[in-house]
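Enquirer: With chain A held as given, fit chain B onto it using these hints.
For the protein sequence lines, the chains are A and B, in the order given.
One point on numbering: in this note's numbering, the residue at position 288 of the first sequence is 288, and numbering is uninterrupted.
One point on numbering: in this note's numbering, the residue at position 33 of the second sequence is 33, and numbering is uninterrupted.
Hints were generated in silico from the structure; no laboratory data involved.
By construction, the Cβ of each residue, glycine as well, lies at the ideal position given by its N, Cα and C atoms.
Please note that the accuracy of each hint is not assured.
[Said to hold, decoys possible] Result set (BS3-like, lysine-lysine): computed pairs, CA atoms no more than 27 Å apart in a straight line: (1) B/Lys-194 - B/Lys-255; (2) B/Lys-103 - B/Lys-69; (3) A/Lys-289 - A/Lys-65; (4) B/Lys-201 - B/Lys-14; (5) B/Lys-27 - B/Lys-136; (6) A/Lys-155 - B/Lys-194; (7) A/Lys-223 - B/Lys-56; (8) B/Lys-194 - A/Lys-152; (9) A/Lys-18 - A/Lys-36; (10) A/Lys-81 - B/Lys-136; (11) A/Lys-289 - B/Lys-103; (12) B/Lys-56 - B/Lys-69; (13) B/Lys-88 - B/Lys-69; (14) A/Lys-223 - B/Lys-222; (15) A/Lys-81 - B/Lys-69; (16) A/Lys-18 - A/Lys-244; (17) B/Lys-194 - A/Lys-223; (18) B/Lys-255 - B/Lys-201; (19) A/Lys-19 - A/Lys-152; (20) A/Lys-289 - A/Lys-36.
[Said to hold, decoys possible] Chain A side only, calculated, beta carbon under 10 Å to chain B, not exhaustive: (21) Thr-188; (22) Ala-198; (23) His-200.
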Amino acid sequence: MSVTQLDRRHLFGAPVRKKILDEVRAYLQTAGPIGKLVSISIGGSAEVSVYIRNQARLAAELGIKFDQQCWDSNISQDTCKARIQDMNDSSGVLGVILQRPLPEHINVRSLQSAIHPLKDVEGMNPASIGNIVYSDIALVPCTAAASIEMIKATKLNLEGLEVVMIGHSEIVGRPVAMMLMAEGATVTVCHHMTRSVAMHSRRADVVLVAVGSPHLVGAEMIKPGAAVIDIGINQIRNDDGTTKVVGDVDTAAVTEVAGWVTPVPGGVGPVTVAILMRNAVVAHQRQQKNGWL
Amino acid sequence: MAANIIDGKAFAAKVRAKIATNVSTLKMEHGVVPGLAVVLVGEDPASQVYVRSKGKQTIEVGMNSVEHKLHENTSEDILLALIDDLNKDDAVHGILVQLPLPKQLNEALVINRIAPEKDVDGFHIANVGLLGTGQKSMVPCTPLGCLLMLRDYHGTLSGKSAVVVGRSNIVGKPMAQLLLNDSCTVTIAHSRTKELQEVVKQADIVVAAVGRPEMLTGEWIKPGATVIDVGINRVDAADGKTKLVGDVDYESCAKVAGAITPVPGGVGPMTIACLLANTVTACCRINNIPEFEGFSS
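One chain only, chain A, in its complex shape:
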């Protein structure tokens, strides 16, 4: 098979991202300033800062104020909570982003719960997840929502679609399963205790994978023509000592079998930040609807 034919099977994030951002821009044009996003990092680490830079750059491009706060690594849980509660009360704050990882003495879940559900632009508050389970899809975890946008880009009809989600993390696997189910798909969630992942994945019209294991999904696990959404991001070392980023899918092999496969990098990743900005818009709409603004 020629290279161009294979390339055509690659499902890139850029057009999906562009479409989402066009919608965000259109909204901002009519709505005017929508307040600021506050990014909280505690202690600070290089790993996180790439993400924050991407978020800050995109917010700047869109004209959304992005307040990058870096709190001292020794800050107490109570102080964090009090500061977040102030942000909940402040009408100038549109949304709050809690950058992970956090120092060990900080209870992440308790801080996520402290962010008001209407300002929870990362979709991490239990109430936000609860709404997803109840099929009220508003503020959604960004990576999960980005993965679903990638499936939609294939134009496959989600209703009745057989989907296998490999990985059952609270940030990706579980919300993806719930959101796809709400759209009428039949979802199977596999994970490290699943006896034969291949037995399930070979039946599926769509396979998503988010486990953090390079090349976990090979061609033999995929039904011919299926869509494969690779959510993994792994840094691996080349023979010459340099490093590169790969997903959880053996992309070269799977491309021979699949109908679509998202590359890493350049697949789901670029869409994730766009979803964060779309969440900012959704938060603004919901806050207005609730008479906050």
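Expert: Frame of chain A, contents of chain B only:
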């Protein structure tokens, strides 16, 4: 070979006996008595039966039972004010608002007014989200009952392939979350699922909660699988009377399955037992007392 019958009635009695022991431990060692408040609005006859039976079983295990019966035309403000009072009442550890509510009342608003730690039905949006992310939460009673029966029968569920048929908020969705938490490979099938029969046939564990009388027949079941029937449907019987059947065709499935719950006498009795279990769990959590083992996810 005939399937083992999972006797929900007997198992529920065992669970209640254990709860009674736990309740007396709480009294003697901690000086607290778990209290359950049930709120009933209107005169729905089925709801009245449920509420009576809940109250009776609550008292039987040694807990306090409070019933609030409100008029059919009760306004939202009055109901919300009652819930606020119960939220503040230290003697009340569990609050249950009997559903369905009369039309003038917004169910979601009312349920989400209950303090999440006292939400023994597990329907508060925060509890739904906590369960959905594998965190400690209050768990809806019917799926919790199914889980306890499955654990009792199998020991560990880890690695088993489970199919939940039906995606309701009350049963299907929380059931799937619970099975995931116990490390099953979980498929949620529903009315839009293509080749439903084939999907069900792969499962080691089938939980049927669709509300369609005797929809799953023996051909749907993998030999040796465990079948949990959550359905309760009243259908016409041959003698002109009516009878209760599940979502599973018991006779044909029992010939293929390894184990099966009957209807009635399977999942049904476990639901109230789990309501009592949830009230004890809530009481422990509220009072910072270590929880008793085996009654939560």
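Enquirer: Would you mind marking each hint as holding or not holding in the structure?
Expert: For each hint, the structure was consulted:
1. B/Lys-194 - B/Lys-255: 25 Å, holds
2. B/Lys-103 - B/Lys-69: 17 Å, holds
3. A/Lys-289 - A/Lys-65: 22 Å, holds
4. B/Lys-201 - B/Lys-14: 32 Å, violated
5. B/Lys-27 - B/Lys-136: 24 Å, holds
6. A/Lys-155 - B/Lys-194: 18 Å, holds
7. A/Lys-223 - B/Lys-56: It is violated: about 55 Å lies between the C-alpha atoms, which goes past 27 Å.
8. B/Lys-194 - A/Lys-152: Distance ~19 Å between B/Lys-194 and A/Lys-152 Cα, so the pair holds.
9. A/Lys-18 - A/Lys-36: The given pair, whose Cα atoms are some 22 Å apart, holds under the 27 Å limit.
10. A/Lys-81 - B/Lys-136: This hinted pair holds, its Cα atoms lying about 20 Å apart.
11. A/Lys-289 - B/Lys-103: 23 Å, holds
12. B/Lys-56 - B/Lys-69: 16 Å, holds
13. B/Lys-88 - B/Lys-69: 19 Å, holds
14. A/Lys-223 - B/Lys-222: Holds - the C-alpha atoms of B/Lys-222 and A/Lys-223 are around 23 Å apart, at most 27 Å.
15. A/Lys-81 - B/Lys-69: 39 Å, violated
16. A/Lys-18 - A/Lys-244: Judged against 27 Å, a Cα distance of about 26 Å means the pair holds.
17. B/Lys-194 - A/Lys-223: Between B/Lys-194 and A/Lys-223 the Cα gap is close to 16 Å, so the pair holds against 27 Å.
18. B/Lys-255 - B/Lys-201: Given pair B/Lys-255, B/Lys-201 holds - Cα atoms ~14 Å apart, limit 27 Å.
19. A/Lys-19 - A/Lys-152: 12 Å, holds
20. A/Lys-289 - A/Lys-36: Holds. A/Lys-289 to A/Lys-36 sits at ~18 Å (cutoff 27 Å).
21. Thr-188: 4 Å, holds
22. Ala-198: 12 Å, violated
23. His-200: Constraint on A/His-200 satisfied, holds at 7 Å.
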